[in-house]
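> Each chain is listed here by its residues.
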Amino acid sequence: MNIPLQNLAEPYVLEDNDRGTFRVNRRAFVDPAVLAQERSKIFDCSWLYLAHESELSKPGDFLTRAVGGRELLFVRDNDGVPRAFYNTCPHRGALVCREKRGKEKLFTCMYHAWTFDLQGKLVQRPEAERYSAAAQDGMHDLVPVAQLDDYRGLYFVNFDPDSADLVTYLAGTTEYIDLTMDHSEVAMEIVQGDQEYGFQANWKLLAENSFDSYHGLPTHATYFDYIMAAGGQLGESLTGLSEPKDLGNGHAVIEYGAPWGRPIAKPVAAWGEEGAKECAAILARLTERFGKERAERIAYNNFNMVIFPNFVINNIMAITLRTFFPDLPDRQRVKAWTLAPVDESEAMRERRLYNFLEFLGPGGFATPDDCEALKLCQQGYSNLAGAGWNDISKGMGQSETISNDEEQMRIFWREWDRRMAAAER
Amino acid sequence: MTLSVTRADVEDLLYLEASLLDAWKLDEWLDLFEQGASYWVPPAGSSDDVEPSTTLFYIADDWFRLTERVKRLGKRTAHVEFPKSRCRHMVTNVRLVNGTDEAFYATSNFVTYRTKASVTETYLGHHIYTMAFVDRAIRIRHKISFLDTDDIYDQGKVSIII
Ligand code: FES
Ligand SMILES: [Fe+2]
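Heads up: the protein sequence lines correspond to chains E and A, in order.
Residues in the first sequence are numbered consecutively from 1, following this note's numbering.
Residues in the second sequence are numbered consecutively from 1, following this note's numbering.
By construction, these hints were calculated from the structure, which means they are not laboratory data.
Glycine included, C-beta positions come from ideal geometry on N, C-alpha and C.
Wrong hints could be hidden among the right ones.
As the list claims (entries may be wrong) - Here are the computed distance ranges between Cβ atoms for each label pair: (1) P259/E with D101/A: 37 to 47 Å; (2) A269/E with S53/A: 19 to 29 Å; (3) L328/E with A8/A: 42 to 52 Å; (4) K84/A with T174/E: 21 to 31 Å; (5) T174/E with N109/A: 21 to 31 Å; (6) P59/E with A8/A: 39 to 49 Å; (7) T174/E with R139/A: 29 to 39 Å; (8) Q136/E with D48/A: 48 to 58 Å; (9) G380/E with D101/A: 26 to 36 Å; (10) R139/A with S345/E: 27 to 37 Å; (11) R7/A with K100/E: 30 to 40 Å; (12) E288/E with S53/A: 40 to 50 Å.
Assemble the whole structure, with the sequences as input and the hints as a guide.
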């Protein structure tokens with residue numbers, strides 16, 4: 001069957017194992033009707049990353065955050081229980097909390113001054129006696145999101161009360177979350193400093209890009225120039241592994257070795273004798289805790305993981321957590337953080353942050369070029385009617401796939417296609 | 001302990017800096033800095049006392065990385081700035097704060113416009129400079145560019161020197 005190169009209609013995904021080709025219809029990146037379906041068939045019924053436990057360390061700590069197209073209020077109540085509410089007043093709908101983060105005993109809506117406790121209960125309102133005592137119980141309280149749960153300190157929400165539990169959803173990704181959280185035997189924390197930025201590109205382009213190692217050399221040539229200029233900073237990769245893995249439910253990971261230093265226990269020359277000594281001590285302790293094999297995997301192996309649909313954990317020259325959400329087919333808001341052991345030394349924290357900024361973030365030597373690449377792809381899709389298909393075939397028909405192939409993206413797209421093909425909910 | 005420079009001297013330097021950045025003369029721009037100088041851009045909305053050792057910045061360049069940033073931006077492979085964006089740096093509200101010839105402080109407000117492919121992005125905020133008066137010339141020792149916005153949703157990146 002020959003598929004015309006110009007294609008405005010379905011299907012979205014064309015996998016041909018005989019020919020070893022995998023193509024995605026560019027309409028998936030530009031059509032507002034596709035975005036509307038993604039909202040209902042994907043974002044409204046998937047576990048979406050909200051926050052890390054360290055962001056609410058004490059009772060009364062709160063943060064507000066947009067997740068999956070909703071405005072949420074995440075708060076730790078007086079018993080220490082984290083709770084996620086829709087940040088909207090049950091009276092007329094105003095956002096109840098207007099600060100990004102802080103500490104409160106009560107939340108008072110500015111409009112008519114309804115006041116809620118940390119469990120979302122209405123505790124006070126002006127002229128309360130003018131309300132019927134028969135009003136339905138709870139209808140004047142803040143509305144909690146349907147499901148909130150955490151895995152090793154990573155809190156996720158699900159707006160669908162019928163979705164399976166978080167651990168079932170996370171499937172094979174828990175192995176990699178464990179490998180990350182095991183960096184510390186005390187706890188991990190989000191380092192102060194949120195990176196919140198926008199990309200003029202469809203959200204799925206960033207999902208692909210987050211574990212696309214094929215683009216590394218051409219797109220990030222200046223980063224590798226920089227690493228070379230740093231001379232001694234270019235180390236051994238210490239592992240021959242280069243592997244994509246299907247983690248279930250549309251999640252995938254690539255695990256591989258790389259020349260950069262890892263601020264856990266893979267030093268580079270620039271860290272000096274002090275850094276090497278510290279890394280050796282960390283590796284020794286990891287070995288005591290987990291045995292040699294797992295300790296070295298934690299220390300040396302890099303991984304880029306996309307938890308379907310929009311949460312990325314890249315455990316590379318630093319650990320980045322990243323989530324993104326489409327405002328429009330060609331516009332997305334990105335939020336990124338870095339995660340670190342609470343108990344690491346000041347020197348290691350500095351190395352970690354220095355390492356992060358070399359490559360990552362809106363001012364790094366790499367991410368701005370990803371921003372450009374994704375924008376150019378999106379602009380290219382204006383040719384949809386004449387040139388309608390993306391190619392994601394690399395590695396098909398080979399005896400083994402490597403992390404520089406595109407199998408991890410195909411895993412993402414198969415799940416995306418499966419969800420989109422399901423009947424309207 | 002004297003301070004021999006005036007606000008007008010500082011303004012001259014800052015306007016020269018802006019014109020070099022507008023013209024993409026980054027090597028000459030780097031010459032305005034002392035050896036060992038540093039350049040920081042903290043996350044949007046940060047307070048003035050923020051530190052890159054404990055907070056994740058957008059940019060926290062020491063001298064080595066600052067010189068590498070200048071080299072990078074000169075290359076075609078700095079894709080985000082190829083073809084080069086058109087920039088215009090506006091500098092106002094210049095104040096010479098205090099100090100001596102060995103180290104003094106200056107602040108300014110800024111608006112930087114960056115245009116590429118028909119889209120104009122605006123960066124706005126304030127700078128805090130540490131400077132020194134050495135061999136009858138002012139040299140920048142440390143520059144911090146604070147973005148006075150909530151985030152960089154509209155800009156997406158900090159790919160230029162702001
Ligand atoms: S809208 Fe909140 S009290 Fe009226
Ligand atoms: Fe990249």
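> The structure should be examined with respect to each hint, and the outcome stated for every one.
Here is how each hint holds up against the structure:
1. P259/E with D101/A: 37 to 47 Å: 44 Å, holds
2. A269/E with S53/A: 19 to 29 Å: 21 Å, holds
3. L328/E with A8/A: 42 to 52 Å: 48 Å, holds
4. K84/A with T174/E: 21 to 31 Å: 46 Å, violated
5. T174/E with N109/A: 21 to 31 Å: 49 Å Cβ-Cβ, so the 21 to 31 Å window is violated.
6. P59/E with A8/A: 39 to 49 Å: Given range 39 to 49 Å: violated, Cβ gap about 55 Å.
7. T174/E with R139/A: 29 to 39 Å: 53 Å, violated
8. Q136/E with D48/A: 48 to 58 Å: Check passed, 50 Å falls within 48 to 58 Å.
9. G380/E with D101/A: 26 to 36 Å: 55 Å, violated
10. R139/A with S345/E: 27 to 37 Å: For R139/A and S345/E the Cβ distance comes to about 33 Å; the hint holds.
11. R7/A with K100/E: 30 to 40 Å: Roughly 36 Å apart at Cβ, these two residues keep to the hinted range, so it holds.
12. E288/E with S53/A: 40 to 50 Å: Violated - the Cβ-Cβ distance for E288/E and S53/A, about 29 Å, lies outside 40 to 50 Å.
Hints 4, 5, 6, 7, 9, 12 from the earlier list are contradicted by this structure; the remaining hints agree with it.
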